[in-house]
Amino acid sequence: MQLDRLVQFHKALADPTRIRIISLLAKGPLHGQALAGKLGLTPPTITHHVSKLREVGLVFERRDKNTLYFHLDVKTLQRKASAITEMAREPEREGREPMEKDRLEVIRNFFTADGKLKHLPAKHKKKLIVLQHLIKDLKMGVKYPEQELNEYIKKFHEDYATIRRELVVHHFMYRENGLYELNPSDLWKIV
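Just add 2 to wherever you are in the sequence shown, counting from 1, and you've got my numbering.
Just so you know, these hints were derived from the structure itself, not from any lab. Note that the structure is a prediction, hence the values are computed from the model and not measured. Take the hints with a grain of salt, since some may be wrong.
[Unchecked claim] Cross-link-like lysine to aspartate or glutamate pairs, in silico, DMTMM-like; alpha carbons within 25 Å at most: (1) Lys128 - Glu183; (2) Lys120 - Asp104; (3) Lys128 - Glu102; (4) Lys157 - Glu107; (5) Lys77 - Glu57; (6) Lys138 - Glu168; (7) Lys141 - Glu183; (8) Lys125 - Glu107; (9) Lys29 - Asp6; (10) Lys127 - Asp6; (11) Lys125 - Asp139; (12) Lys40 - Asp6; (13) Lys128 - Asp161; (14) Lys127 - Asp116; (15) Lys157 - Glu178; (16) Lys141 - Glu160; (17) Lys157 - Asp116; (18) Lys141 - Glu178; (19) Lys141 - Glu168; (20) Lys156 - Glu107; (21) Lys156 - Asp139; (22) Lys127 - Glu88; (23) Lys40 - Glu57; (24) Lys128 - Glu107; (25) Lys125 - Asp161; (26) Lys118 - Asp104; (27) Lys54 - Glu102; (28) Lys125 - Glu150; (29) Lys77 - Asp66; (30) Lys118 - Asp75.
[As the list claims (entries may be wrong)] So the derived label-pair ranges between C-beta atoms look like this: (31) Glu153 - Gln10: 50 to 56 Å; (32) Leu8 - Lys127: 54 to 60 Å; (33) Gln149 - His126: 28 to 34 Å; (34) Glu107 - Val76: 35 to 41 Å; (35) His126 - Arg177: 18 to 24 Å; (36) Asn185 - Gly117: 21 to 27 Å; (37) Lys125 - Leu181: 27 to 33 Å; (38) Lys13 - Val170: 38 to 44 Å; (39) Lys13 - His126: 46 to 52 Å; (40) Gly117 - Glu178: 25 to 31 Å.
For every residue, glycine included, the Cβ atom is placed at its ideal position computed from N, Cα and C.
Given only the sequences and the hints, what does the whole structure look like? Please build it.
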């Protein structure tokens with residue numbers, strides 16, 4: 003579920019009157035006058051609150067002759083209400099470290115059995131996984147001279163200049179006066 007839809011859903015529920023309307027509609031469909039009478043509110047107030055619930059897909063209408071009945075979409079309510087707990091169990095991929103299974107698959111596909119990099123992936127997400135894997139043996143807080151870093155990268159791939167540049171561009175490393183140092187991991191652009 004898209005994050006903005008989830009936020010709109012919770013905003014729509016952030017009112018006691020709307021929660022009371024949902025509670026009444028959970029028992030069965032009601033028309034606006036009946037809702038107004040049960041809640042002690044005016045029909046225009048009910049119309050306002052029902053329209054907010056309709057916008058997020060929780061309420062739909064059915065006409066019976068001249069009367070408009072409001073129905074609760076229970077499946078939508080259950081799906082949207084559980085979406086936040088699902089997000090807590092399975093992190094969003096955007097802006098977070100990929101799941102271990104995906105990471106291992108990328109490493110298997112782009113590295114030989116002896117640890118050599120076949121080539122840099124074209125896809126951004128996979129490239130970041132490969133770059134992170136390449137720096138796993140570098141130490142935080144150590145300043146590496148360019149020649150030393152080149153020799154380290156050559157163990158994986160002959161095009162050390164491109165890989166070194168990619169490490170800087172994607173904020174895995176910082177370069178100053180020919181010395182390279184690992185950035186803190188929260189600066190790495192991992193998806």
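(request) Could you say whether the range 27 to 33 Å given as a hint is met by the Cβ separation of Lys125 and Leu181? (result) Holds, at about 31 Å.
(message) Need the status of pair Lys141, Glu160: alpha-carbon distance at most 25 Å?
(response) The hint holds at about 22 Å.
(message) Check whether the Cα positions of Lys54 and Glu102 lie no farther apart than 25 Å.
(response) Cα-Cα ~40 Å, so violated.
(message) Within 50 to 56 Å: is that where the Cβ-Cβ distance between Glu153 and Gln10 falls?
(response) 54 Å, holds
(message) Hint check: Lys128 vs Glu102, CA-CA at most 25 Å. Holds or violated?
(response) 13 Å, holds
(message) For a C-alpha distance cap of 25 Å, please report whether Lys125 and Asp161 respect it.
(response) Roughly 18 Å between the alpha carbons, so the hint for Lys125 and Asp161 holds.
(message) Is 18 to 24 Å respected by the C-beta to C-beta distance linking His126 and Arg177?
(response) 21 Å, holds
(message) Does Glu57 sit within 25 Å of Lys77, going by the straight-line distance between their CA atoms?
(response) 16 Å, holds
(message) What's the verdict on Lys141 and Glu168, does the C-alpha distance respect the 25 Å limit or exceed it?
(response) Between Lys141 and Glu168 the Cα gap is close to 18 Å, so the pair holds against 25 Å.
(message) Just to be careful, I want the Cα atoms of Lys77 and Asp66 compared with a cutoff of 25 Å; is the pair within it?
(response) 23 Å, holds
(request) Compare the distance between the alpha carbons of Lys157 and Glu107 with 25 Å, and conclude whether the hinted pair is satisfied. (result) Satisfied, since the Cα-Cα distance of roughly 21 Å is no more than 25 Å.
(message) For a C-alpha distance cap of 25 Å, please report whether Lys40 and Asp6 respect it.
(response) 32 Å, violated
When each numbered hint is compared with the structure, violations occur for hints 9, 12, 27, 28, 30, 32 and 39.
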